[in-house]
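Following the hints, position chain L against chain V.
Quick mapping for you: the protein sequence lines, in order, are chains V and L. Quick note: the first sequence uses the working numbering, first residue 1, plus one each step. Quick note: the second sequence uses the working numbering, first residue 1, plus one each step.
Since the hints were made in silico from the structure, they are not lab data. Take the hints with a grain of salt, since some may be wrong.
[Claimed, not checked] Distance condition first, Cα-Cα at most 20 Å in a straight line; then the derived SDA-like pairs of lysine to any residue: (1) V:LYS425 to L:GLN82; (2) L:LYS31 to L:GLY18; (3) L:LYS93 to V:GLY396.
Since we're looking at a predicted model, the values are computed, not measured.
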Amino acid sequence: MADYSREEVLEKIKKGESLERADLRDIALNQAHLEGANLRRADLEGVNLEESNLRRANLSSANLRDAYLVRADLEGANLQKADLEGANLEGAVLQNADLSRANLEGATFEGAKLKGARLNYAQLELANLGGAILENAQLTNADLRETYLGGAKLIKADLQYAKMEKINLEEADLTEANLKEANLRLAYTEGVNLARAILEGASLDGASLARANFVDADLRHSNLKNAKLTGAKMTGAKLAGVEVTPEQLAEVVADWVDFSPEANGQLKVKGNELVQYYKRLKSGESVAPVVVAPAPAPSPAPTSQSQDQAKRFFGKGDVLRNASLEFGEKSLVEIESRFEKCSIALGNDAQLTIGPNGILEGCSIVGSGEIIIHGKFSEDSASSPSIVGPKRVIVGKTGSVSGAVQQPPELTQFGFERGCTLRLKIIRSK
Amino acid sequence: MADSPKQTILEDGTEIDGSVKSKCPITVSGKLKGEVLAPSLTITPSGSVQGQVKVSNLLSQGELAGEIEAESVELAGKVNDQTTIRAASLEVKLNQPGNKIQVTFGNCELHVGDKAAKPAETPKPVVKQPEPTPVAPATPKPPVR
Numbered sequence: 001m002a003d004y005s006r007e008e009v010l011e012k013i014k015k016g017e018s019l020e021r022a023d024l025r026d027i028a029l030n031q032a033h034l035e036g037a038n039l040r041r042a043d044l045e046g047v048n049l050e051e052s053n054l055r056r057a058n059l060s061s062a063n064l065r066d067a068y069l070v071r072a073d074l075e076g077a078n079l080q081k082a083d084l085e086g087a088n089l090e091g092a093v094l095q096n097a098d099l100s101r102a103n104l105e106g107a108t109f110e111g112a113k114l115k116g117a118r119l120n121y122a123q124l125e126l127a128n129l130g131g132a133i134l135e136n137a138q139l140t141n142a143d144l145r146e147t148y149l150g151g152a153k154l155i156k157a158d159l160q161y162a163k164m165e166k167i168n169l170e171e172a173d174l175t176e177a178n179l180k181e182a183n184l185r186l187a188y189t190e191g192v193n194l195a196r197a198i199l200e201g202a203s204l205d206g207a208s209l210a211r212a213n214f215v216d217a218d219l220r221h222s223n224l225k226n227a228k229l230t231g232a233k234m235t236g237a238k239l240a241g242v243e244v245t246p247e248q249l250a251e252v253v254a255d256w257v258d259f260s261p262e263a264n265g266q267l268k269v270k271g272n273e274l275v276q277y278y279k280r281l282k283s284g285e286s287v288a289p290v291v292v293a294p295a296p297a298p299s300p301a302p303t304s305q306s307q308d309q310a311k312r313f314f315g316k317g318d319v320l321r322n323a324s325l326e327f328g329e330k331s332l333v334e335i336e337s338r339f340e341k342c343s344i345a346l347g348n349d350a351q352l353t354i355g356p357n358g359i360l361e362g363c364s365i366v367g368s369g370e371i372i373i374h375g376k377f378s379e380d381s382a383s384s385p386s387i388v389g390p391k392r393v394i395v396g397k398t399g400s401v402s403g404a405v406q407q408p409p410e411l412t413q414f415g416f417e418r419g420c421t422l423r424l425k426i427i428r429s430k
Numbered sequence: 001m002a003d004s005p006k007q008t009i010l011e012d013g014t015e016i017d018g019s020v021k022s023k024c025p026i027t028v029s030g031k032l033k034g035e036v037l038a039p040s041l042t043i044t045p046s047g048s049v050q051g052q053v054k055v056s057n058l059l060s061q062g063e064l065a066g067e068i069e070a071e072s073v074e075l076a077g078k079v080n081d082q083t084t085i086r087a088a089s090l091e092v093k094l095n096q097p098g099n100k101i102q103v104t105f106g107n108c109e110l111h112v113g114d115k116a117a118k119p120a121e122t123p124k125p126v127v128k129q130p131e132p133t134p135v136a137p138a139t140p141k142p143p144v145r
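Just chain V, with the same shape it has in the complex (with noise of 0.2 Å):
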């Protein structure tokens, strides 16, 4: 029989006493007032708490086995260690509260709003989290086995070492989660956008991954064996390492894909080339140089920023001769290939990166955009100046410039990092 009637529970809170190691079973404590109540280790199994508000309440190795915690206010709550198997917690809130260690094996957290819970090695076994908002949570080491996250939000949550096999990620959004080291092994999750998530060393053998958005997602050593990959987008994805067949790459959607180590771009490979690659990669062949697009290679989705500038790679080992390119407003060029005797336009406020690996010879560009310079640029003398109206020259460490610039009425601003090269005019607009 329980310690206390509900009525007594209320005066005790209300008065700030301490309820812990209470045996609270078969009370009524719907809608009650408990924020901030010290409840540890009390005894709720069972318990009908919907719609009370539990803010910052202390119920750390509480038992709420079978409680009903429907719609309940545990913002901040502190449930270490508590016992929630079999718990109902739809549509409850529980944004920043601390279920780390938890046993939630079970427990239906449908609509439940969890952003910024922490969750680290909890037990969510079997568990419904259909729905939820886990944005910014934390749940490493956590266990997920058959955990159901259909719909969920888990935008940058933090799910590495997380174990995940057989889990529904149905249609969830893991929008730059890190999911580094987790066991996906055999988890369905069609449709779910993975895009700029960390699948670094993750495990999603034998996983259904069907139409799933891995866009700028690092997915370096991971293991795809036998994942069905058809229609899922990996524009941008990071591959260095990564196990896969040939076969199955023949199925992803993608522009280009990045198979540097350091997953710096420096390792382009068109979506087209894809296959004869990694193929060419398995067998040890030459892989070298790598073939990059130079079509435009828009990056899906990210920033606002990102979808209003339309980007241009050129890649190392391509060469351009006697070519014009016009490039629009707020554009974004990077060249890492060699240009001979090429004019560029560009638009207002576009950006031309000559990369490292770049080289710009005999060419001119015209323009009032920014010009960044790791490469190479030298003018042919006879059409002198060949840079005419930039906004902005920079010449970072490794850049390397010869020839004239001719400023706008406005002038240029100039940035020059210690160890660049420069033969360099610099004359005032006429």
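Below, chain L alone, put in the same frame as chain V:
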């Protein structure tokens, strides 16, 4: 008391037309026209140097014009027309926050990097170096840094 390093300071409000050769670092807050030979030259935002400059290190936040030779140059402020800078290394920092122009260049030439600069000769002083020597107006001000 520790000795303060010797320095030649040309204060704001002072103008020199002629050549200055020094074994000490020179700081110019006034106007200097002519030849400058020194281990290092600092031109403060109010300072201006025009002429032939041969130094190891040059930091200019003021106005600079003429033939400049240095090992290391850091520029802000203004570089006037008909200026040539030869240096082993050059740094122009970007003023990111306001996107303001850190240094304005007139018609000028920059030769930076491999073999661009001849090292500044160790100057032979023409006159005996004074003790901390403000080449200064009657009431000296503290040096501007």
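The hints, checked one at a time:
no. : hint                : result
1   : V:LYS425 to L:GLN82 : holds, 11 Å
2   : L:LYS31 to L:GLY18  : holds, 11 Å
3   : L:LYS93 to V:GLY396 : holds, 11 Å
In this structure, every one of the numbered hints holds.
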